[in-house]
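2 protein chains.
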Amino acid sequence: MNQYCFGVDLGGTTVKIGLFNPEGSVLEKWEIPTRKTDNGSKILPDIADAILGKMEERKIAKDSVIGVGIGVPGPVDDNGVVHKAVNLGWDVMNINEILGGLLDMPVKAGNDANVAALGEMWCGGGKGCSNMVLATLGTGVGGGIIVNGRMVTGATGAGGEIGHIHIADEEPDTCGCGNHGCLEQYASATGIVRLANRKLASSSKESTLREIKADGELSAKAVFDAVKAGDALACEIAEEFGMYLGKGLAAIACVVNPEVFVLGGGVSKAGEILCEYVSKYYKEYVFHGCREAQFKLATLGNDAGIYGAAKLVC
Amino acid sequence: MNQYCFGVDLGGTTVKIGLFNPEGSVLEKWEIPTRKTDNGSKILPDIADAILGKMEERKIAKDSVIGVGIGVPGPVDDNGVVHKAVNLGWDVMNINEILGGLLDMPVKAGNDANVAALGEMWCGGGKGCSNMVLATLGTGVGGGIIVNGRMVTGATGAGGEIGHIHIADEEPDTCGCGNHGCLEQYASATGIVRLANRKLASSSKESTLREIKADGELSAKAVFDAVKAGDALACEIAEEFGMYLGKGLAAIACVVNPEVFVLGGGVSKAGEILCEYVSKYYKEYVFHGCREAQFKLATLGNDAGIYGAAKLVC
Chain V
1349 MNQYCFGVDL GGTTVKIGLF NPEGSVLEKW EIPTRKTDNG SKILPDIADA ILGKMEERKI
1409 AKDSVIGVGI GVPGPVDDNG VVHKAVNLGW DVMNINEILG GLLDMPVKAG NDANVAALGE
1469 MWCGGGKGCS NMVLATLGTG VGGGIIVNGR MVTGATGAGG EIGHIHIADE EPDTCGCGNH
1529 GCLEQYASAT GIVRLANRKL ASSSKESTLR EIKADGELSA KAVFDAVKAG DALACEIAEE
1589 FGMYLGKGLA AIACVVNPEV FVLGGGVSKA GEILCEYVSK YYKEYVFHGC REAQFKLATL
1649 GNDAGIYGAA KLVC
Chain W
1349 MNQYCFGVDL GGTTVKIGLF NPEGSVLEKW EIPTRKTDNG SKILPDIADA ILGKMEERKI
1409 AKDSVIGVGI GVPGPVDDNG VVHKAVNLGW DVMNINEILG GLLDMPVKAG NDANVAALGE
1469 MWCGGGKGCS NMVLATLGTG VGGGIIVNGR MVTGATGAGG EIGHIHIADE EPDTCGCGNH
1529 GCLEQYASAT GIVRLANRKL ASSSKESTLR EIKADGELSA KAVFDAVKAG DALACEIAEE
1589 FGMYLGKGLA AIACVVNPEV FVLGGGVSKA GEILCEYVSK YYKEYVFHGC REAQFKLATL
1649 GNDAGIYGAA KLVC
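Protein chains in written order, with the numbering used here: chain V, 1349 to 1662; chain W, 1349 to 1662.
Watch out, some of these pointers could steer you wrong.
Unchecked claim - DSS-like cross-link-like pairs, simulated, lysine-lysine; straight-line CA separation at most 27 Å:
1. W/K1631 to V/K1432
2. W/K1432 to V/K1631
3. V/K1617 to V/K1576
Said to hold, decoys possible - Okay, the calculated beta carbon distance ranges per label pair:
4. W/D1517 to V/N1545: 18 to 28 Å
5. V/N1545 to W/H1636: 42 to 52 Å
6. W/S1552 to V/G1497: 19 to 29 Å
I should point out that these hints are in silico values taken from the structure, not numbers from a laboratory.
As the structure is a prediction and not an experimental result, all values here were calculated from the model.
Where a beta carbon is used, it is the ideal one built from N, C-alpha and C, also for glycine.
Model the full assembly from the supplied sequences, consistent with the hints where possible.
Here you go:
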């Protein structure tokens, strides 16, 4: 008898669903829209319909499905209770019970950033590790901590909120969280643009980034493209970025001592060069007992969520 | 049939041993010397003799003992392998197997700082919690991280080495680990004396600490005694200490999001006032989702190790 599991990545506009085998191969993946009307009350029934429909289509019997994992954009405790997911219109509710009731199958929910880390551990950049940290460098900086193969949820679902580690004392700008000097203010795509703008203003050095800025197209990608083209000012910006992120990851290492740091999110498209800038400063700041941690790029991209969700149940 | 377990805290000069019931009551505790001759080869046989002797004395049958836990001063992996314990003269060896063989009972070993955290969770300042951080403020700063009721060992046994989180960029002095600006340089007993010496040198304010320093008796205890007596300069030192430690614990919170921080070690004898100074700055630096963490004092003192060791097996 074949065994299957489903992984669901619930986003604000789209629900991604994957059908997996327990070895971590995705057999099929597809998307449905996230219907947020009526305080998001249609979302879980839509997901249940999609899964039950796929099982009928593929003639998959219920007893050959190990379960359904789901990543949710909000804090989720170990019992599957989501404590408000504002993007979806949800208040407090138990996903494991509600979706499990609709499907009559085991369901396990987790926070989407943590679940993505589990996916990268299972089949991505952290494959083969059981102690891993995923740093997702996108518009903000998110993260997921894996200890002994399990996600670290924390007491209130804020485990892995590494973007808000205080990293700099003299920051005048306010972070989205209300604090000053959070890691996210330097290591996110937005943060890198901030660093670039500051550097362009404080330096008189020639740089291709000046024209790019004049065209209104300064971005994290533009900075790392310029680094690869040998632009000296862009390299200074990358050093600063590496210093802040390396320092932040060194602090994390003193807490959970991972085997590997996996760098994901849009910024990680810059490639291996990113790992070089970060690991250089990581080694400078970290406790010697954690010095051998590896730096790898995430490999699952937007599919990390469905992989990790499937791994929740198998 | 009564059930028992033993908790062993192996130190550089003394081995503490406790006989427990599985509910966490210590029935008897005693000490034997740590014989470090012959590269520490006598240590585990001595411990086995002490435990077997106690069982004979109390007529405890082998099948009523759940097991023996032991905390060791060195990095210990999840299989009980200690990777060099320089204080004991030990190279790499598997404590679970060797001591388990001598006793013919289940043995589980862990690093002493992590094991102490487990003890404080079981029966001390963190009782009732399953997500907890112990910060041990002694000559240095050690720590233990508990996630979902289990110790975080990490990839190389350096989980919970929170004393070496980089916390200050401008530190001229070198930490014992070789880095600059580690948390330990400000939040240990030694660190507090350093802060006090700097403050006394940079300020012209009156303070009882000046005479104490002249008598060569400046200590962390003297600083907090002066704080309690209302000494303004001592209060400034305590604010600085609170700022550094609060900032460090806020970084830890963004990783593992504990319910409670337990403050232990010699410095914690200053009492509740310590929690006030630390939590004030913690709240200033921490991510809002982790703001509600509590601060408590360790309550088990030097017995945390035997409690945690017993908890390893029951």
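Outcome of the hint check:
no. : hint                           : verdict
1   : W/K1631 to V/K1432             : holds (23 Å)
2   : W/K1432 to V/K1631             : holds (23 Å)
3   : V/K1617 to V/K1576             : holds (13 Å)
4   : W/D1517 to V/N1545: 18 to 28 Å : holds (22 Å)
5   : V/N1545 to W/H1636: 42 to 52 Å : violated (27 Å)
6   : W/S1552 to V/G1497: 19 to 29 Å : violated (57 Å)
Going down the numbered hints, you'll see the structure goes against 5, 6, while the others check out.
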